[in-house]
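Enquirer: This is what each chain is made of:
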Amino acid sequence: MTKGFQLTEETAWCPGCGNFAIRQAVAQALGRCELEPNRVVLVSGIGQAAKLPHYINTNIFNGLHGRAVPAATAIKAVNHDLTVLVTTGDGDCYGEGGNHLLHAFRRNPDITILVHDNQVYGLTKGQASPTSEYGFVTKLQSHGVKNEPLNPVALAVAMDASLVARGFAGDIQGLAALIALAVKHRGLSLVDIRQPCVSFNKLNTYAWYRERVYYPEEGTHDPSDRVAAFRLALTWGDRIPLGVIYRRERPVFEEQFAALTEGTLVSRPYPGTALLEKALAAFY
Amino acid sequence: MTKGFQLTEETAWCPGCGNFAIRQAVAQALGRCELEPNRVVLVSGIGQAAKLPHYINTNIFNGLHGRAVPAATAIKAVNHDLTVLVTTGDGDCYGEGGNHLLHAFRRNPDITILVHDNQVYGLTKGQASPTSEYGFVTKLQSHGVKNEPLNPVALAVAMDASLVARGFAGDIQGLAALIALAVKHRGLSLVDIRQPCVSFNKLNTYAWYRERVYYPEEGTHDPSDRVAAFRLALTWGDRIPLGVIYRRERPVFEEQFAALTEGTLVSRPYPGTALLEKALAAFY
Amino acid sequence: MLYELNLKLGGEAGQGLQALGLLLGRLYARAGCHVFANQDNESRIRGGHNSYQLRVASRPVYTMGEAIDLLVDLDGESRRIHAPELVPGGLVLVDSASGGPREVALPLTEIARAAGGREIHRNSVAAGAVAALTGQDRDTLFPLIDETFAADPAARAINSACARAGYRAALETGKSLPFALPSRPAGRPYLNGHEALSLGCLAAGCKFMAAYPMSPSTLIITYLSGQADAFGLVVEQAEDEVAAINMALGASYAGVRALTATSGGGFALMVEGLSLAGMLELPVVVVIAQRPGPATGLPTRTEQGDLLFAIGAGHGEFPRFVLAPATAAEAFAAAPRAFDLAERFQVPVIILTDQHLAESYLTPEPFDFSRVNVTDYRLKQAASPYHRYDPGPDGVSPLAVPGTVDAVVVDSDEHDARGHIIEDAATRNAMVAKRLARIPAMRAMVSPPLRQGPPEAEDVLLGWGSGWGALCEAGEKLAAAGRPVEVWGLQEVWPLNPEHFAPLSGRRVTVVESNATGQMARLLSGWAAVRVARGINRYDGRPLSAAYIIRHFEGGETA
Amino acid sequence: MLYELNLKLGGEAGQGLQALGLLLGRLYARAGCHVFANQDNESRIRGGHNSYQLRVASRPVYTMGEAIDLLVDLDGESRRIHAPELVPGGLVLVDSASGGPREVALPLTEIARAAGGREIHRNSVAAGAVAALTGQDRDTLFPLIDETFAADPAARAINSACARAGYRAALETGKSLPFALPSRPAGRPYLNGHEALSLGCLAAGCKFMAAYPMSPSTLIITYLSGQADAFGLVVEQAEDEVAAINMALGASYAGVRALTATSGGGFALMVEGLSLAGMLELPVVVVIAQRPGPATGLPTRTEQGDLLFAIGAGHGEFPRFVLAPATAAEAFAAAPRAFDLAERFQVPVIILTDQHLAESYLTPEPFDFSRVNVTDYRLKQAASPYHRYDPGPDGVSPLAVPGTVDAVVVDSDEHDARGHIIEDAATRNAMVAKRLARIPAMRAMVSPPLRQGPPEAEDVLLGWGSGWGALCEAGEKLAAAGRPVEVWGLQEVWPLNPEHFAPLSGRRVTVVESNATGQMARLLSGWAAVRVARGINRYDGRPLSAAYIIRHFEGGETA
Ligand SMILES: Cc1ncc(C[n+]2csc(CCOP(=O)(O)OP(=O)(O)O)c2C)c(N)n1
Ligand SMILES: Cc1ncc(C[n+]2csc(CCOP(=O)(O)OP(=O)(O)O)c2C)c(N)n1
Ligand code: SF4
Ligand code: SF4
Ligand SMILES: [Mg+2]
Ligand SMILES: [Mg+2]
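Residue numbers (this note's numbering), protein chains in the order written: chain A, 1 to 284; chain B, 1 to 284; chain C, 1 to 559; chain D, 1 to 559.
Just so you know, these hints were derived from the structure itself, not from any lab. Ideal Cβ positions, reconstructed from N, Cα and C, are used throughout, including at glycine. It cannot be assumed that every hint is accurate.
No farther apart than 27 Å at their CA atoms in a straight line, the calculated lysine-lysine pairs in the DSS-like style are these [stated by the list, open to error]:
id	chain 1	residue 1	chain 2	residue 2
1	A	LYS139	B	LYS125
2	B	LYS202	B	LYS139
3	A	LYS278	B	LYS202
4	D	LYS434	D	LYS380
5	A	LYS125	A	LYS202
6	B	LYS125	B	LYS139
Which bits of chain A does chain D cover? Going by a derived footprint, with three or more residues having C-beta under 8 Å, they are [as the list claims (entries may be wrong)]:
id	stretch
7	39-52
8	78-86
9	94-104
10	180-186
11	247-259
12	270-276
Label pairs and their calculated CB-CB ranges [as the list claims (entries may be wrong)]:
id	chain 1	residue 1	chain 2	residue 2	range
13	B	THR273	C	GLY89	29 to 35 Å
14	C	PRO393	B	THR205	52 to 58 Å
15	C	ALA150	B	GLU262	48 to 54 Å
16	D	THR427	A	GLY31	50 to 56 Å
17	D	ARG483	C	LEU436	28 to 34 Å
18	D	ARG531	C	LEU436	21 to 27 Å
19	D	ARG156	C	LEU436	51 to 57 Å
20	A	PRO251	B	ARG32	27 to 33 Å
21	C	PRO455	D	ARG551	47 to 53 Å
22	B	THR261	C	SER447	35 to 41 Å
23	D	PRO484	C	ARG531	31 to 37 Å
24	C	ALA150	A	ARG186	26 to 32 Å
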């Protein structure tokens, strides 16, 4: 069944959108991980980011806005032989789906969450998102956003996420490497990918990011140091660090279920009557 | 109308429950802030903690499980002359209501959130809560909790909450002082109150906490230093710090609405036809 | 001479169709015409194929026309896609220096560039050209352009130059459409259903809105947020729909009129909150802007698929109203009506709109704000001790604002008159009875359906909500063809008052609705003993039209 | 001689009523009796006043008895609260050295202490005393105590000693109840509705459950989580109900049978997910354990208030089944039935239970697991290319497991046969038609109502779900009093098959249900043309009983 990861010609994205680069990086990364398309599931919610799965030839669960993470967690638990990625937006993941993300960090399933973070609601035409900057003007927030932006990387570090990284859609190679690393990592990986939205975010453009992003020099940051990671996570403004910010090995959600030690859940047979009789016997 | 904050004789709590102490501390703190009962609104969800408002003679909005924070935010926005407190449980606030908490930090309304954190679901009879320790055994989690506990203080610091504190129900005086300070603070205050549940949490008991809790010595911790606050927030295990962990002055939600500069929203009259005609004129 | 003009703008998302459509709509409205306009959009920001259709007439019109007199092709594809819709003799405006016989070839982009603009400014060139081709006065067009871009002098200059150039160039082609201006005076606003509804909310004294963006509801929060400073509102984008409704309920508790709006999927997340409103007896208005489901469905299209859902939503038993305004003018009226009913009975009121109503523009008579009823039902003088759930007339309790009495206690558990938790059967029974006691008075308040056409006709075409315009037109056309039908349109769909439906007895009732399962038909047979002969249903996401109804009515097809 | 024994245990929350009731229930079950037990609890952990009532009989019983033969007073209050319920000659066991004439005074706590226990161990003293007073064999009691505390030898020793001491002390009082043991052999399990349902889920091959705790549903996840290792399940407590249903849908997509359970308020949060199941055509089973609403309502009590909500929940239009098992035995059967229907038709199936069904214990015939139908509808051999939404017979598409075919693509937007987003009308129409095409076959699958009593009786008492037991007993009593009625009980409440109701025509139908607005009555008149003469409704949170039904039936009261 090997045909590699093929990208569709047609998409519903705007020309110049950062999503194209992310899609390319995803396909490259999956290829680099030597995965078969039919062993990969892309799970998404609703939004421009969440359309990505439709444009690659894998298994797709394109569910509800904000609800990709619980679906992905369950898919991985049912069939841990599959590689499960979530492709989601900043609204999808940090807004509507915020609670699921919080608790996914706690569970630590072996899934990769790619947040296409364009700091705006793209599909619904440009409202503020949880990561929009304070003061960011939109049609709905015509006097500027009054809430402080959520810092996903700091949040993930505070939640002791297993792998926390920041990527940039303007650097496909670096992003592909980061995604490959996240996919290979055992446990939950969150990659907050800064993605210019050419239609609705005229502030955080390619140029804006290019002036600011940098990869910390080899050896200057220890991702296993949580306080250091937190400090780096707070670095924002003139300088925006990319790459792995935090990493910790933790028990993986689906590895802790006795039911899964003998193989995948989906491969288990229906129970025999002997077992059922035994369960019933406890009620006598 | 001054009659002070009166406590009911009857409650539905178990004898010995930490909620009694929290209630006393709340009443003391409100008294100390020289508030009138009818200018205070206690907003709660569902749970043992969430029953508290019924046992004090104030205004009460006892809504849905997990949903106290958005209701409280709106109440404060509509009538910023009222003092608004949320009394909530660890399940209510960090479980069902997790997303609202995340975004309340961003909004920063001038409300005080008191989380009666007993690390268990009390009202539903003892399931794990988001703050239950890893391995904590319950009837439902019979092999022990498999998810890592959420650290509310670290989370709040990462979200740049305006005031973050930890209290302990075993120290009514200290707790009352902390609550008074939180109520007086302009902006959102989160007080995570460790509260022994004598019925369902046999691990994190009064004794367990008494061995561990301490107030950092005067001058040893600077709550305005976010990284230091994060480091202190991670201090857990043998030593559990109490008191104010983090504090930052930030724009307050309801102060940013032009509509509220002339007085409370609830006091504003219905619009006159001139204004309406003007709005209609824009469509010609 | 045409008595009406049908205009279609076709292009990609992102090419500015809406801005152009808006400009032209206002142009004809200013010229004294009646206008109806609607849009057909894909769920994307750029690319694809969208259209904006305007029907300009000498009398009020509420549906799209069936054939196009003038097509504006902005993507090079529209001439092909929409060719079958053109009337004989219809014209196509193309962005090109040369074209076929039915084409008005104008190099719009080039003209824009020559006038100092960029490609995007060709819309103003097109606006000028369309105005000229349809015989519109310069003195209407040019001031409108200037006002539209008033905030940005540079943009104003360019667009004005482009429009003038387009106007001139079109005149030079010598082509034109023989469209007669109506003699009616100018002076009707051009707005869509959700703009009208939002104005109604302002008129009703709505002071708080929280919502989460979701098509096709987003316009309401966007508009109200823009008016927040002028009208003294707090408008907040919530983190999710659960928060939105709980914020609205908090605001209502604190004493102001509160609103939320969403589409079916977002409303699904508000259902627990709706039940809370029922238990706390808090007034609140919830707009459900319907779109085709289930789940994400067709986000930018229309359906009436959430009727039974809205009526039955929420665990436990509590009364509610469900309104479904027929047109933009009715949507304006529905809002104060909803706030009034909500506060009078302390119940949630749902307003069901849909993408078609929400985004279709028309030119209603100017709203008369002095006739809007805003009754303040909040308690002025409270008895002490105040008990939130003391029963009053019709089961309605005194509604005090926190801070003005000893304490306002509301509780989602079953409670006593004071609002505190109870467990006993007697109090429970009394409280259930009290909550439901409002139903008879509520039912008596419901307005009867709209009716048009001969009341003695054997055939009745009955629809609800935004179906009204298409139904009326179908009724008129059928009558003109010698087939008299009476047309009914329900605007207040819950509770139902069976008495309203007595005139249907013995007649052949065809229920027309934008859904597949015939929800209104089911409701009427179940709750009002109406015998429904058959249904005409449309569920492809496109709005009902007179032609669709007539085709299925005459052909006996039941789609 | 009594042919049945009614026993009530009264005490505070936290005093161990449930453990004592469970022990006694199993004791009588082992002795060969039929037992029915139910509880009356306040929503608190300690204090207040709760009761646990056991009815022990020589034939199957499904409701609580009406008068108490033996009351066990553990809080010193029960003798006063429940005195009116005692039969003449009934006894009260009190924890005291001396008592009145109707009292069996035993210093339970002292006896426990003397036997080496603490206050909490007086429950075992009481168990021994009750066993003795009701003529139960030591050889049944003592092994049961030993088994109950098998896991903890120290506890076993103390409880055993206490039970023996209680047994002895009671015998010494010389008092006893003349209760005749039935001659039937022992061997029925003692379990409640949700335990039976959970066993049914295991038997159905359910492999995944996610839920958020909520009374009265929590027992299901608690039980299944305890069986997870033995049966190979993944059971996860979700962070909220929205997560729970989306997890269940993810699991279903990945290829296993998936479940979630909640009460009405939690289900309100699952409604968007239900619509998603409808759109993705994913099998999933959702238990709604009903309790009185709206909102938080009465969390520990019972109601049937979510029927219309369950049937109408979700935006957009999609088919579903709604089941409502009548008894614990039927709840066992309903689970595999639900999983089968869900997978056969790729639809969500809702099981409506309620607190009364969930927490009432009884002693059904042992379940025959070999007769449970577990058909695997998943695709074994997939065509290539595989298209998730290719239409099959009855509109049902081939259901492949991801990983076994090229790609399994499911999409909440409207989609084509491959599962990819579409915008066009033709595909939309085809997909709507395909999804709804399953309805006729689904309707044909629905089982007819249970019936008992003379089919020619003019009067029909019709109920649904857990009302069945009380209805049957009411029917029998009315017949015995010379007033024949036939009793109907619906267990598969959606979709309705109108043919099932033909036998009701021309008869006087009284619909009995635990809600205030008569939801089943409404459903039957709206969807199955049943003429309902009147309703008997109960909505105080307490279960229906034969006495309640008869009182309102004969008195003509409509509560
Ligand atoms: C329950 C629900 N609420 C709202 C929506 C409407 N909606 C669709 S996408 C979206 C936001 C998208 O923003 P983001 O996740 O940042 O994705 P982007 O389009 O920017 O990539 C919203 C609000 C929805 N589909 N469902
Ligand atoms: C939507 C919803 N889900 C579940 C419940 C059931 N429920 C009530 S309280 C509670 C948890 C309480 O835990 P916590 O908030 O920690 O409060 P505690 O009782 O421990 O003080 C739950 C799950 C509910 N009422 N509503
Ligand atoms: S709106 Fe923004 S995010 Fe969406 S496709 Fe266009 S550029 Fe990309
Ligand atoms: S269960 Fe725990 S939290 Fe609840 S009242 Fe009892 S001791 Fe307190
Ligand atoms: Mg975004
Ligand atoms: Mg708790």
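Enquirer: When the structure is checked against the list of hints, which entries are broken? Sort them ascending.
Expert: Numbers 1, 3, 10, 13, 15, 16, 20, 24 - these are the hints that the structure violates, sorted from lowest upward.
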